[in-house]
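Construct the complete structure from the given sequences, taking the supplied hints into account.
4 protein chains.
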Amino acid sequence: MTNAWPDLSGRLENGRHILPVRIYFEDTDFSGVVYHGSYVRFLERGRTEFIRMLGIGHDALDKGEHSGDGEGLAFTVRRMALEFNRPARIDDIVEVVTYPGSVGGARIVLKQAIRRGSEILVTADVTVALINREGQPRRLPEAMRAALGADEMT
Amino acid sequence: MTNAWPDLSGRLENGRHILPVRIYFEDTDFSGVVYHGSYVRFLERGRTEFIRMLGIGHDALDKGEHSGDGEGLAFTVRRMALEFNRPARIDDIVEVVTYPGSVGGARIVLKQAIRRGSEILVTADVTVALINREGQPRRLPEAMRAALGADEMT
Amino acid sequence: MTNAWPDLSGRLENGRHILPVRIYFEDTDFSGVVYHGSYVRFLERGRTEFIRMLGIGHDALDKGEHSGDGEGLAFTVRRMALEFNRPARIDDIVEVVTYPGSVGGARIVLKQAIRRGSEILVTADVTVALINREGQPRRLPEAMRAALGADEMT
Amino acid sequence: MTNAWPDLSGRLENGRHILPVRIYFEDTDFSGVVYHGSYVRFLERGRTEFIRMLGIGHDALDKGEHSGDGEGLAFTVRRMALEFNRPARIDDIVEVVTYPGSVGGARIVLKQAIRRGSEILVTADVTVALINREGQPRRLPEAMRAALGADEMT
Chain A
13 MTNAWPDLSG RLENGRHILP VRIYFEDTDF SGVVYHGSYV RFLERGRTEF
63 IRMLGIGHDA LDKGEHSGDG EGLAFTVRRM ALEFNRPARI DDIVEVVTYP
113 GSVGGARIVL KQAIRRGSEI LVTADVTVAL INREGQPRRL PEAMRAALGA
163 DEMT
Chain G
13 MTNAWPDLSG RLENGRHILP VRIYFEDTDF SGVVYHGSYV RFLERGRTEF
63 IRMLGIGHDA LDKGEHSGDG EGLAFTVRRM ALEFNRPARI DDIVEVVTYP
113 GSVGGARIVL KQAIRRGSEI LVTADVTVAL INREGQPRRL PEAMRAALGA
163 DEMT
Chain Z
13 MTNAWPDLSG RLENGRHILP VRIYFEDTDF SGVVYHGSYV RFLERGRTEF
63 IRMLGIGHDA LDKGEHSGDG EGLAFTVRRM ALEFNRPARI DDIVEVVTYP
113 GSVGGARIVL KQAIRRGSEI LVTADVTVAL INREGQPRRL PEAMRAALGA
163 DEMT
Chain E
13 MTNAWPDLSG RLENGRHILP VRIYFEDTDF SGVVYHGSYV RFLERGRTEF
63 IRMLGIGHDA LDKGEHSGDG EGLAFTVRRM ALEFNRPARI DDIVEVVTYP
113 GSVGGARIVL KQAIRRGSEI LVTADVTVAL INREGQPRRL PEAMRAALGA
163 DEMT
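Protein chains in written order, with the working numbering: chain A, 13 to 166; chain G, 13 to 166; chain Z, 13 to 166; chain E, 13 to 166.
Simulated from the structure, these hints should not be mistaken for laboratory data.
None of the values given here were measured: they were computed from a predicted structure.
Among these hints, one or two may not hold up.
For chains that are exact copies, the list does not tell them apart, and a pair is met inside one copy or across any two.
[To be verified] Only pairs whose alpha carbons sit at most 16 angstroms apart, straight line, appear in this in silico EDC-like list of lysine to aspartate or glutamate:
1) 75 - 104
2) 123 - 25
3) 75 - 146
4) 123 - 107
5) 123 - 137
6) 75 - 103
Below, the structure is given as structure tokens:
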């Protein structure tokens with residue numbers, strides 16, 4: 013299948029999802045480089061496109077299309093461990109790399125990095141969970157668990 | 013009545029609402045001063061505190077407490093005209109000034125400015141409307157219209 | 013010339029620059045749709061890519077490569093007039109349209125819109141100026157003025 | 013000394029710095045609660061006010077007033093470990109709690125939390141370092157190290 017929006021949706025390479033991101037004014041701060049909180053936004057974009065490539069969009073989740081009973085669901089971040097090694101700068105194109113670490117019944121740990129060419133700028137381990145509108149945890153859709161290589165019995 | 017959070021809620025002076033805002037890293041960009049889009053966020057904070065001082069909170073609106081029939085409502089911005097005269101800088105405390113221009117049945121024009129001491133940094137005319145969850149316009153609550161000095165027949 | 017990053021850099025159509033933008037969590041607010049201040053960020057992305065296509069990058073400007081005397085320069089926004097017609101939503105791909113209005117010696121008015129398919133969501137008139145590090149206005153580079161179709165004598 | 017801006021600058025309680033933060037539209041996302049990346053911004057505000065209370069402002073650092081040789085310096089984040097327990101919501105006032113963990117020659121680990129009343133919403137361990145404009149690490153000012161209780165020999 014051709015990808016209508018190759019940059020916007022990213023691509024898979026060796027089982028890892030790669031999303032290019034351009035650095036704009038909005039992403040930088042007065043120290044001259046990218047604001048540390050901006051990388052957190054870029055990582056979320058990478059996770060969203062990775063999950064979309066598995067067939068799951070946030071809007072469809074919210075409308076209940078991925079829960080057996082039509083309940084509206086959303087992903088939420090439970091934990092993040094971030095290391096900031098080098099800064100990105102205005103006009104750079106960086107790439108957000110995302111791939112699954114461990115997959116449980118209601119949680120996934122995603123491994124992420126932000127790189128510029130071969131330089132690793134930021135690394136992150138991110139634990140996400142699926143919750144309903146009251147914030148209660150919900151089991152990940154089976155199609156998603158299968159795509160992520162989860163064991164059946166987990 | 014004493015104000016439990018004088019800076020966070022702002023104050024009224026001669027019928028104008030004044031909200032102090034501190035400039036942080038997140039608000040600046042690599043040019044060394046505040047990013048133009050950050051002023052748009054500060055203006056919204058000023059409008060929110062001004063409207064809260066009139067007795068209307070966003071959460072209560074969303075829960076239907078200000079509509080006769082319990083319908084959830086939210087303010088939305090229809091128009092903004094902004095002039096950027098001088099920049100704010102990291103560590104500055106600026107003040108957002110907000111007061112009503114004209115008040116119609118479903119729209120208000122608010123006059124706003126961002127100043128640092130006596131210097132006017134930014135001015136804005138902002139038209140806001142009240143809408144329901146489907147985006148349809150809804151009449152402003154009478155208590156709000158009265159507080160804003162709207163004519164009865166408008 | 014092929015475009016190495018077709019989505020990230022955008023494209024020209026009939027003299028108008030078109031930049032696709034995906035809507036993420038970060039762009040939305042609790043009312044369920046895109047936060048009004050996010051469109052201001054999208055418009056800046058569009059202007060940046062439009063100006064880059066004219067051969068001018070922010071980093072090179074900052075390093076003095078576009079001023080005769082090596083002075084570091086940056087674009088700054090002087091005025092914006094915005095109309096918000098309809099909201100964008102999570103997962104949408106919208107397009108930022110940018111083309112020149114009038115071009116003066118030190119200022120350009122850019123006409124912009126944000127559309128989703130054929131629906132116009134937001135329109136904007138944006139006046140930008142070129143300034144040095146002290147905030148003083150500087151003449152636009154001739155190459156840029158020529159590319160924008162400015163009269164020689166302006 | 014009275015605090016001219018009690019909410020904006022925060023206060024010390026039992027050696028911990030407490031900064032109140034109001035939740036606005038800009039901080040929330042379409043899931044109905046606060047966007048996870050917004051807490052990262054709130055934590056930075058808390059660190060900034062904590063460091064300011066120790067006598068160090070970002071603007072003065074940038075202008076070289078805290079380095080022996082006038083070199084411009086800035087704090088940068090090296091690591092963050094975040095746990096997100098419960099969400100904040102529109103109109104909430106939350107408090108950012110900041111206190112020093114370990115202090116080295118060029119790095120500080122700050123312990124932080126975001127709470128709403130007695131509920132802990134987010135916890136964070138944040139390692140910050142002082143760098144010059146080329147990104148090279150610089151020793152923390154002695155006054156700052158002393159205020160933070162660092163051993164002389166570290």
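Hint-by-hint comparison with the structure:
no.: 1; hint: 75 - 104; result: between (36 angstroms within a copy, 15 angstroms between copies)
no.: 2; hint: 123 - 25; result: within (15 angstroms within a copy, 38 angstroms between copies)
no.: 3; hint: 75 - 146; result: both (15 angstroms within a copy, 15 angstroms between copies)
no.: 4; hint: 123 - 107; result: within (14 angstroms within a copy, 30 angstroms between copies)
no.: 5; hint: 123 - 137; result: within (5 angstroms within a copy, 19 angstroms between copies)
no.: 6; hint: 75 - 103; result: between (37 angstroms within a copy, 13 angstroms between copies)
Comparing the model with each numbered hint stated earlier shows that all of them hold.
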